[in-house]
Amino acid sequence: MTTPVPPDLEARGVTKRFGPLTALKDVHLHLRSGRFHALLGENGAGKSTLVKCIMGYYRPDGGEILLDRQPVTIRSPRDAQTFGIGMVYQQFTLIPNMTVLENLVISKARLNPVINWKEEQDQLTQFMAQMPFQVPLTALVSSLAAGEKQKVEILKQLALRNRILILDEPTSVLTPHEADEVLGHLRAMTLAQQLSVLIITHKLREVAAFADEVTVLRKGQFAGSGKVSEMKISQMAEMMVGSEITAKPKQRIENSTKTPKLLLRNIRVNDDIGVEVVRGVHLTIHEGEIVGVAGVSGNGQRELVEVLAGQRPATGGTIHVHDELYQPTRDNILRHKMFCLPEEPLQNTCVGRMSVAENLAFRNFDMEPHAVGGWLMNRPALRRSAHGLIERYNIKPPYPDTPIQSLSGGNVQRAVLARELSAEVNILVVANPCFGLDFLATEEIRLQIVAARNRGTAVLLVSEDLDEILELADRVVVMFNGQLVYETTSSGADLALIGRHMTGHST
Amino acid sequence: MEVGWWGVLIAVLGGAIRIGTPFLFVSLGECLTEKSGRINLGLEGTLVMGAMTGYAVALHSGSPWLGVLCAGLAGMTLGALHSWLCSFRRVNDIAVGIAMMLFGTGLAFFLGKPYIQPSAPRLPSIDLGGWSDVPQLSAALQINALFLLGVIVAIALGWMLKHTAWGLKVRVVGESADAARALGLPVDRIRIMSTALGGFLAGIGGSYLSLYYPFNWSEGLSSGQGLMAVALVIFARWKPVGCLWVSLLWGGAAALGPSLQSVGITGGYYIFNAIPYIMTLAVMIITCSPRRNLAGVPHELTVTR
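Just so you know, the sequences run in chain order A and B.
First residue of the first sequence? That's 1 in the working numbering, and the numbers climb one at a time after it.
First residue of the second sequence? That's 1001 in the working numbering, and the numbers climb one at a time after it.
These aren't lab readings, by the way, just hints derived from the structure by calculation.
Incorrect hints may have been included.
Restricting the straight-line Cα-Cα distance to at most 30 Å, the calculated cross-link-like pairs of lysine-lysine (DSS-like) are [stated by the list, open to error]: (1) 1113(B) with 118(A); (2) 258(A) with 232(A); (3) 156(A) with 52(A); (4) 156(A) with 1239(B); (5) 1239(B) with 25(A); (6) 25(A) with 118(A); (7) 52(A) with 258(A); (8) 156(A) with 1162(B); (9) 337(A) with 52(A); (10) 203(A) with 258(A); (11) 156(A) with 108(A); (12) 258(A) with 25(A); (13) 25(A) with 232(A); (14) 337(A) with 25(A); (15) 219(A) with 258(A); (16) 108(A) with 1113(B); (17) 1239(B) with 118(A); (18) 52(A) with 108(A).
Remember, it's a predicted structure, so these values are computed and weren't measured experimentally.
Go ahead and model the full structure; you've got the sequences and the hints to work with.
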């Protein structure tokens, strides 16, 4: 980092149309040298489109991009790199089966025909020594935690000598702690004038904590910008969602009954490669109660949920539902009304190419009125029920015949929730229900979960978002290394204590 | 009896090399192809085509080595055809592979009809066992130069995948086509090169069958080595040097029946001959468990297209 300050980047009056749809209309963005700038907006507000215009994925239909006040034409992401602009994508672009070193080396523009690994390693070690954070070079990427991977992605861009870093929702796959660490390092580098940072986000908390300046987009249009220090969070939120926002308090009904609904006793589960990742989980969930399982991802939560959903066999332990030993057969699922909303529902519980109506009917397609006599499908009835659910759960677009994979993430989530909650539910298992969703969708889905609780459903909520757990749960347990290591009520929760247990530093 | 058991061991080792050599070439070819992110099931057809081409060219030119080269080139052509077909959108490499397998064997049988009777010159072998007066040992140490070439290729391929830019690119393409495109790598071209080169190696493996052992050209020449290569590569964990050991293991297993027969144990002869197939089946069953992911599998192989 010997070169002078990072260049000044400006997008002026950028317009981008896709056919009849105008995705961006006359949008401005000014990333000043050495600043930490947040691009804020809801899903579909045009943030990604704007950034893709800057990176050269798209050619804007109007407006111009200026670097150090000179108009430039950026034709491709490679081109962007020659201008010193690098991007970290929402999904990791690292190769899991290769080491950090190999991943950093392949991203170099020029490779020697024969690679001298010793020399490459020495160079990168030197480079990394100047960075605020380090990652073990010889580690396999697949063995790294999400936060570490994100750091490698950033290092990759910095090793290419990029001075402007654009990050697309960099924290969506990170725990709050990891997010704070990564953003903190980026912030430090901007303060040292080594880097300009533009992050795309919809998390107001991160904007308030880390950004110098903010630009807000709403529905493809410029909605405002300014210095974060001079703005209130409520002001930014209003710019983001317009003035329609009204905070809906989550009304709870106090349940005095303590009827246990779901009993887990000493559950043990192996992961895909045969390693025991759930190592003796004991948990009781009562009627009308939300139990939140907090923890850093990769501590066995995914496998535990898969066992409860019947997608993975447990290697030990018992599940009791309503005082009965439970096996996840279709009959038992329907009899006990134990339903599940796993993470990534499109992959996990939907058939992407089947229609919304069909996906909505997975629980009851073979019953009256959807199936005449239990075997002959009644399509009009199927479509009628779908229409009802689409309306009740506000699924868009409201057409039962579209393939479910063409819906946006939030709408798939709503559809699955509609399916799982449409009938009476005794037990509901939800995992990261609001992952990657925008503000309004998140609110709606959380309200639905609390509403189910208030109707007496026992809810197991597994989430990597601690705020979500504290907002929704009655009781919080912390999962670490395959075991539940800590329990507290959410009203008496001590964040520091929970954080320590999440990272295994309890003693 | 003492000597007899030693004889069996020596015969198995000799057989491991003799029968394992075609396994070695075809599994190295498959290994390289799979490293680039595609499975070429057509290697069975490539092998047979290589055997026929090698035999025919050796017969006409009088040079078995020219036969080996032409067998490789024929294999390369088939490999290139496979990967070219696969580079179209929504074309599945497995389906193309099966078609190429049938195409390769069919074409070889069709073109090879006139070569069933005549006798081509045989590939020479190197006598490494001249010092020994034990006849079994000196017979087992009659090693074909192609085996030594195969050992060199295995080591070189392993080195290249790790230490050269070309090898790294092949692996990137095999692990993630998206990441490769983001790096500006020509995914299809790298795959075509890898598959063609893999076909070249498999073709050489075929010429070994017809020009050295069992040294003839007939329609029943290959006994599924091209298909079993897929299992071998899994067992070798996609490592070229691993392919060498696994090929020797399979070759040795195939030699067990005849070796035992040579000391007079004939019971269960057919069972012993089936051992390589049983081993292949076992590898497939063990590694295809839905509850496990394979360590080392190039990730693109697990993507369904």
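Going through the hints against the structure:
The suggested pairing of residue 1113(B) with residue 118(A) is violated, with an alpha-carbon distance near 55 Å, which exceeds 30 Å. A C-alpha spacing of about 43 Å is found between residue 258(A) and residue 232(A), which places the hinted pair above 30 Å, so the restraint is violated. Note on residue 156(A) and residue 52(A): the hinted pairing holds, with a Cα-Cα distance of about 19 Å set against a maximum of 30 Å. Taken as a hint, the residue 156(A) and residue 1239(B) pair is honoured in the structure, with Cα atoms around 28 Å apart against an allowance of 30 Å.
Note on residue 1239(B) and residue 25(A): the hinted pairing is violated, with a Cα-Cα distance of about 53 Å set against a maximum of 30 Å. Proximity of residue 25(A) to residue 118(A) is assessed by CA-CA distance (about 51 Å); at most 30 Å being required, the pair is judged violated. Straight-line distance between C-alpha atoms of residue 52(A) and residue 258(A) comes to about 53 Å, which puts the hinted pair past the 30 Å bound. For the suggested pair residue 156(A) and residue 1162(B), the alpha carbons sit about 20 Å apart, so the restraint of at most 30 Å is met.
Distance restraint check for residue 337(A) and residue 52(A): the Cα-Cα separation of roughly 45 Å exceeds the 30 Å cut-off, and the hinted pair is therefore not satisfied. Distance restraint check for residue 203(A) and residue 258(A): the Cα-Cα separation of roughly 37 Å exceeds the 30 Å cut-off, and the hinted pair is therefore not satisfied. For a cut-off of 30 Å, the pair hint linking residue 156(A) to residue 108(A) stands: about 9 Å separates their Cα positions. At roughly 56 Å between alpha-carbon atoms, residue 258(A) and residue 25(A) are farther apart than 30 Å, so this suggested pair is violated.
Proximity of residue 25(A) to residue 232(A) is assessed by CA-CA distance (about 26 Å); at most 30 Å being required, the pair is judged to hold. Taken as a hint, the residue 337(A) and residue 25(A) pair is broken in the structure, with Cα atoms around 48 Å apart against an allowance of 30 Å. Note on residue 219(A) and residue 258(A): the hinted pairing is violated, with a Cα-Cα distance of about 47 Å set against a maximum of 30 Å. Proximity of residue 108(A) to residue 1113(B) is assessed by CA-CA distance (about 53 Å); at most 30 Å being required, the pair is judged violated.
Restraint check for residue 1239(B) and residue 118(A): satisfied, since their Cα atoms lie roughly 22 Å apart, inside the 30 Å limit. Between the alpha carbons of residue 52(A) and residue 108(A) the distance comes to roughly 22 Å, so the proposed pair stays at or under 30 Å and holds.
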